[in-house]
Every structure is written in structure tokens, then in C-alpha cells.
Amino acid sequence: MGQGNSQFTEMELEEYQDLTYFTKKEILYAHKRFKQLAPEKVGHNRNAKLPMDKLLTLPELQANPFGERMCLIFSSTKDGDCTFEDFLDMMSVFSEAAPKTVKAEYAFRIFDFDGDDYLGRRDLEKTINKLVAPQQFKPEDMEALVTRVLEEADLDDDGMLAFAEFEHVISKSADFANCFRIRL
Amino acid sequence: MYVASTPSGEGRCGGGASTRSRRCQPATTTATLVHTSRRGSDTYLEVLPDLTQGVDEEETWEKLQQIRAHAVPMEEKRKLKRQLQSAPTLRTRGLAAFKLSKRKFASQAKNRLREMISKIELWHWSLRYVEGNFGTGLVAFFTFIKWLLYLNLFTCVLLAVFILLPQIVLIHPKDSCTEVAETNQSIGIENETLLSVENDTLCCFEVYKLEVVEHSTNVHSFSEPGHIVQMILDGVQGTGVLELSYLFYGHYPRHILILDKMRGWNYNLPLAYLLVVVVTLVLSLVLMVRAAARGLRESLRSSEGQFYQYCNLIFGGWDYCIENNKAAAIKKKAIYNELCNHLETERYNDEKEQRTKRERCRLYFVRLMINLVVIVLLSVSFLAIFYSTTYAFNKLKTLKSNTEERNEEDLEILLYEYLPSAVIVTLNIIIPFILRLLVEMEHYTPNFILVLTLVRTVFLRLASLVVLLFSIYQGISECPAPEPGSCISEGCFDQPKCWETYVGQQLYKLTILDLLIMFLSAFLVNFPRKCIGHKLMRGSRIGAAIGDIEFMIPKHVLDIVYGQTLCWLGMFYSPLLPAVTCVKLVIVFYIKYFDCTVNSSQSSQLYRTSRSNAFFISILLISFIVTIIPVGYSIAEIKPSIACGPFRGLPTIWSEMVHVISESPNWIQAVLFFMGTAGFAVPAIIILILAWYYYYAVAAANKHMVALLKNQLILEGHDKQFLLTRLDQMIKKTTEEEEAARSSRSTEEETGHSNDQTLEA
Chain A
1 MGQGNSQFTE MELEEYQDLT YFTKKEILYA HKRFKQLAPE KVGHNRNAKL
51 PMDKLLTLPE LQANPFGERM CLIFSSTKDG DCTFEDFLDM MSVFSEAAPK
101 TVKAEYAFRI FDFDGDDYLG RRDLEKTINK LVAPQQFKPE DMEALVTRVL
151 EEADLDDDGM LAFAEFEHVI SKSADFANCF RIRL
Chain B
1001 MYVASTPSGE GRCGGGASTR SRRCQPATTT ATLVHTSRRG SDTYLEVLPD
1051 LTQGVDEEET WEKLQQIRAH AVPMEEKRKL KRQLQSAPTL RTRGLAAFKL
1101 SKRKFASQAK NRLREMISKI ELWHWSLRYV EGNFGTGLVA FFTFIKWLLY
1151 LNLFTCVLLA VFILLPQIVL IHPKDSCTEV AETNQSIGIE NETLLSVEND
1201 TLCCFEVYKL EVVEHSTNVH SFSEPGHIVQ MILDGVQGTG VLELSYLFYG
1251 HYPRHILILD KMRGWNYNLP LAYLLVVVVT LVLSLVLMVR AAARGLRESL
1301 RSSEGQFYQY CNLIFGGWDY CIENNKAAAI KKKAIYNELC NHLETERYND
1351 EKEQRTKRER CRLYFVRLMI NLVVIVLLSV SFLAIFYSTT YAFNKLKTLK
1401 SNTEERNEED LEILLYEYLP SAVIVTLNII IPFILRLLVE MEHYTPNFIL
1451 VLTLVRTVFL RLASLVVLLF SIYQGISECP APEPGSCISE GCFDQPKCWE
1501 TYVGQQLYKL TILDLLIMFL SAFLVNFPRK CIGHKLMRGS RIGAAIGDIE
1551 FMIPKHVLDI VYGQTLCWLG MFYSPLLPAV TCVKLVIVFY IKYFDCTVNS
1601 SQSSQLYRTS RSNAFFISIL LISFIVTIIP VGYSIAEIKP SIACGPFRGL
1651 PTIWSEMVHV ISESPNWIQA VLFFMGTAGF AVPAIIILIL AWYYYYAVAA
1701 ANKHMVALLK NQLILEGHDK QFLLTRLDQM IKKTTEEEEA ARSSRSTEEE
1751 TGHSNDQTLE A
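Chains as they are written, first to last, in my numbering: chain A, 1 to 184; chain B, 1001 to 1761.
It is possible that some hints are incorrect.
[Said to hold, decoys possible] Derived Cβ-Cβ restraints for the label pairs, each shown as a range: (1) A:P51 - B:A1699: 28 to 38 Å; (2) A:T57 - B:R1742: 52 to 62 Å; (3) A:G43 - B:I1232: 53 to 63 Å; (4) B:S1540 - A:E140: 34 to 44 Å.
[Said to hold, decoys possible] Per the computed footprint, the stretches of chain B lying under chain A, defined by three or more beta-carbons under 8 Å from a beta-carbon of chain A, are: (5) 1057 to 1063; (6) 1330 to 1341; (7) 1524 to 1535; (8) 1673 to 1679; (9) 1697 to 1709.
[What the hints assert, rightly or not] So these bits of chain A aren't anywhere near chain B, every CB distance computed over 10 Å: (10) K25; (11) L37; (12) K41; (13) N45; (14) K49; (15) S92; (16) P99; (17) P139.
Treat the hints as calculated values from the structure; they're not laboratory data. Beta carbons are placed, not taken as given, at the ideal position from N, Cα and C, and that holds for glycine.
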């Protein structure tokens, strides 16, 4: 169990490779990082389910204002607790090889706090608040900001962003794919 | 429901016909599929083709490749994969099967390659550390260094293979001043005049060699410590042993090289030398243009959406790779500031329109004055460089001419040798500082300030190099062509015997000096500043002022670009300079890494990766074009030195090429001649213009189309809203009616009930 390799067979690695954007080596490395979060649990059962606060000790997630959202979205039980496969899914989406469309899909889910498939004014406000956390905008500034965002992106003028509109904005943003990425 | 809709979903992407399915863009289809697949748990069935009828093998494979793009948990992806694999497949045959296996193989090879590259990726951990602590903007800078390193390595390989290797592997006739006639005859050259010229140049080379050797032995007769000092000096200046090594142009012989075993096959070294340099320059240009075009496309795309500035910041502003709480806090603050800035700018723009005429006049006047000051500053610095160069040149001549008392003047010589380089470096430190101060007074927007200062600084750096070259050129061209039989023309005995090597030495010196300055500024200026500011005077305001150093990306980019410019300029005169630059870049990477991680605090400005990338490359491109001009001129116009190098004795360096062409078969000559005539040039230019116009028209039409579609989208949106409100109203109406009906019924009932009660009573 001490060696990284022994927890996966070659077949399993092949399958993970088919289902994610990782190479075998990266998958093993992802598992190593997953194991570091809770060595005794994962050492016992390689696909153990880790609670959200354990996952949030991962430096990238802990510093990230959307860390909690990410756990919630990738968790297969929707409660923020992740198995290794959920974790691998997350890392795969955030890997360099993942295409922009996949990233956009998940970004949309992250920003969609109420889960109604639209980014409404409340979602946008929450997003901005999280993004600048200790600082805060005055209500009128916040109002102005949200209005500006909607002005820019809301093509059909219905006061909220549907996925298509969101994707359109993302496709124009040259930096998005660069930023929406975690190096393992 | 989704299963039922499968045929229509398939129809969208070409269905079973493999030829059509390849034509539809996979990216968009996956996107729509992915997104629709999130409403409901069994929705992934949508992506499955009709399994009952059996599917095309190729299609199955394509779907399998796309599974990873589905936004569903791993377990469901696995199920999906099973389903796909277990479905009965129709085997493809013939050409299609061959194509499929080729594609499979290609994707496998790509995977394998990716794995291999990830193993040998340079500086992975350093980059990751920078990214985690400083964000992607800085990583772009370091990857730029990496890109340049690869470019230079590539150049090195070309030079090594085509210039160095042949000299080691192949043999050539011995050359000495007297033997030359015999060896030449044995090879079979019978041209008398050529022979004498050849003999002359060889003799001159001997003289030149002797001079250098004599000079270095003269110096080497020192005691031991002096010897070591001299070694270091030689190493830094490219004199002594180095001057006669492969490092410089002067050492390369004018030989047709021959393989020992096969006498008939020969290798024209001068031609190879010329071609390799030209080809590497052209290749660098192509690589740069490609990178710049990619960057330009991205920045155009994002600038076309000037409107998207808020969205970009909010949806794409966070670097998910940041893993350090302090960095995260700074990043949040930076985003906050940027958002505030945007709001502020809008207010500023409103104000600007209300600016009074008088204020505007004053501002324009100030800007005009400052521009004048900048021009004066720049021209003064050019003059300073020019005079210091010529002054040092003259001084060195007089100093070197009285060779007896060399010992005391050794230091003085060194001083003058380094005078021009030192002046350039000092100016490069002082002037940008003044420019930064001046630009503050001009009241531009922050972004424009950044660009303006950079452009001015770039101008200074490049122009200083040009001035240096120009003053050297003046030193060379003053002398008329020497008489046949003598190595140097009369009255010019003090000029360097081999000016190409001299230029190479100057650029080599500048390269070394550049590295040295970077090293000093990182370790002897910034590091102590940081230590004093943050350790000794912690907490105080002065300490913070001393210790807080921002890592100014534009300044550092300029350093790197300057180094690369030196490399390109010197490549012809010092073929190993790219190798030197490679080593330098590796060292620079670590210096900058140290400067960034230890000395600097995170910049409070947001650097956009895409924009800065395009910016780096375009500056590089400008400097490349500036370098090409003097190098091209010296190749095409200036007479090469007689005493050294592969082109000795020719009227110009390019005439080697002309010579080779004139000896080539007739049809090549005819083709090349035709390319030089108007008959070729005019149609070519016309075709180019037509192509350019065509693309311009297409772009304009597309733009128009985009505007139309946008309008249409808005109209549709309004339609939708109108219908929705109508629907809302209708629903409200009906519910109201219903409610009214119900309430009347209930009141009826109630009244009935009460009637009953009263009756009972």
C-alpha cells in the first residue's frame, strides 16, 4: 500500500485515462494529493469519501473564494463530500487539456448559486461578493456593477444570463481558459 | 423523452453518415450536449446513437472520445462507456477502416507524446510555485523566457549542425601563406587572380592571428594572479584565446570542406554560414509572427468585446491556481480595485466631456512640452552614446599604439573598452526612471501610461544599439579599400584588423554586461533593500517604502527582449552567441525567479495574460525588425575584412551568394532571374493586394453580419419577453376568473349552508 502504484491496476488507470483529460502519471499524482488530505482513510480505501472541510484543506481550494461551490458541484452526492473519483473529475475539468466548453459548463454551475440554470441578479451579486470578499461594494455600486454585467452579456434582455449567453461571453474572454485551471 | 428525441439530436450532427459527422464542429456539439445533459439523471442517453440498429465503429470511437467532455460524475461516464462498448457495432471496412485506425493511432501517439513532454517539461515546479503565489500574469512572463530559450536552442542546433560539425568532421586543405599556391593547384583551381587574392588574404590572416597571439602572450608573461585576472578579462571581453575560437566570425575559414573518403563531394562553408544565419533569422521571424498572430487574434477577440470588461473580470478574473491565502487576499483586492477603477473611469469620462476649454488647452500644452522634453532627452542620450563610443575608439587607438608601457595602462584600456557599454547601461537605468516621472504629469489612463512609457523605453534601448553600431560603422568605413597586397589600407593601421570580430566582441560584451547588471540589481540592490526594509525597519513607513518592491513586468520584459536583440544582432558576427544567450537565459530565469519570489511583493495591478503575451511578442517583433536592418546592410553593402572570416577577399558578403548562383545550373539561374524582374514582381504584388482586399472584404462582411445578428437576437429577446408577459397576464386572468368563480361558488355554498342552519334553527 505504500507504493503509489499498488492501489490501481493498469486497467483502472486506462479507464480513468479514457474518462478524464489526464495521463496515467497525472492520475497517480492526483491520487497522491488526494491521499495527502487524509492519509489513513484513503490508505485504507482508495476511493474513500472525504468530507468537504477535509477537501477544503487543499491549498488551491482553501484560497479559492469558490472552493465550497466547487466541492458541492463535483460531489456525486451533492452534499460537498467527495470521493476520489469526484476529485479526479474536478481536477480533470481544471486541467490544462480540458477544452474551454467543458470549463465554461462547470464555471456556469459554480456561479449559479440557486441552481435554477440561470445567472440572475442574486447570483451575480453573490459571485461579486465572494470575489472581493473582505472588501465590500456599496449597494449602489453593486447595483451598477450587476447592471453593467447584464448590459454586456444579456443578449436577449431578460434580466438574467442563460448558459448560451454565458458561454458566449466566455468564448470572447481570452484569459478564461488560462485562469480556470489548477496545476496538479 | 430524451431517448425519443435522439433521431433529431443525431440529425443535428450528421447522424450515422461518418462523412458528414466529421464536418460538424465537435466543440459546439459537445457543448450543447453537455449542457442539455444536466437536466435529469438519465439524460446522457441522448448522446448515445440508436443502439438497437448497431452503430458505426467510427462513430462509437468518436463518442468514446467525447465521453470525457460530459459534465456528469465519473460513475455515469463509466456506465455510458460500458453501454457504448457493449452495443453491437458494424465494422467499418476498406478506406474508412484504414482512416479510423489512422485516427486512433494519431490520438494514441498524441497522448504518448503529451506524457513524454510532461516528463521533460522545463521548470515545471518553479512555474507552478509562481502561479500559485503570484497568479497567471507573472507565469506568462516566465513562459516567455522559456519560449525564447527554446527559440535560441533551436538556433544553436542549426548552427552546430551546419557550421560547427562540418568543420570538425570534414577536412580542408592546409592553409599557410606560402603553401597555398600548391594546394590550390592540387584541388584544381587555375584562376591566377583568384589565387593571388587567396594568397593575400591568407597572409593577412596569418598577420592578424600573430597579432592576437602576440598580444595575449605579452599579457600572459605576468605573474600567476595576473594571469588569472587576464583570463577573466579575456572571458568577459571576448579577447585573447576567445578571439581566435569558434566564438567569433574571424576564426571561420574560407574553405570548401571535403570529406576524407569521398573527394568529389564538397561543402561550401562560407555559403553554409551565410545561409544558416539567414534561415535562422527567417525562421525566428516566422515563429514570432505565428505567436504574435495567435496573440493578436486573442486580443482582438477580447478587444472587440470592449463591452465585456466587467464580465471578464467577474467570470474570468479569479486565478483558480492561487493556493496562498496572502496571494488570494491581494488578488481579491486587485479585482476590487479594478472594478472600482472601471466605475471610476466611466465617471471620469463623463467629467472629461465637461472639461473646460481652458483646462483642455493647458493639458495639451503640458503634453506637448513633455513630449519635447522626452525627445530632447532621447537625443541627448544618443549623442552621449555616440561620442563616448568614438572617444573610446580613439583613445584605445592611441593607447594601443604605444605598446611599451602596457602594464600601467592596462586598467585604462579596460576602462575605455567598457566605456560605451557602461554609458548605454547607465542611460538605460536613468532615462526610464525620468520617463516614468514625466508621464505622471500627462494625465493619461493607467493602461495608456504603461504602453507609452514602454514604447519610449523601447525606443531608447533599440536606438542606443543602433547608435553604437553606427559609430562603429563610421570607424570602419572611413578607410578606403586597401591596395592589393597589403592587409589594410594606408592611414588606417590602427583600425581593428577584423572588424566583424570587433562588432561581435562588442555585442558579446554587452550580453555579458547585461547579465551582470541583472545579477547585481537582483542580489545587490533589491535583496538588501528588501532585507533592510522588512527586517531592520519593520513596521515603519520608511521601511515599507524601501522594502516594498513591485515586480514590474514591463520592465523585466524589456530586459529579456533587449538580451534577445543583442543575440540577433551578434549572431552573424559571433555564431556562438545564441549558445551564450541560452546559458544566459537559464541564469536569467533563476535571477528573475529569485527577484520575483524573494524580493518582490505581489503586484497590485492586474496583468491580463492574453494581452501581455501579445504585447511581449509584438515588442520582440519590433526589436527584431530594428536588428534586421543593420545586419542586412552589413551583409549586402559593407566590404568584409581581408584578414579574417569566411568571406575574406570578397567585395561584399552577399557576393558569395551571387557567385554560387552564377555557377548553378541554367534553369535555377533563369528562375531566380525571373523572380527579380518586374514580370514577376508586379503580378505578385497585385495578387497580394487582391488577397488582402478579399480578406478585408470578408472581415467587413462578417462584422456587418455580427451586428445584424445581434440586433436580431435582441428583437427575439423582446419578442420572447412580450410573449411571456402576455402569457403571464393570461394566466393571471384565468386564475383570477377561476378564483372569482370559486369564491362565488363558495359564497353560494356558504349562504346555502347558512340557509340550512337557519332552517335548522
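**Q.** Hint numbers not upheld by this structure, sorted from lowest to highest
**A.** 1, 5, 7, 8, 9, 10, 15, 16
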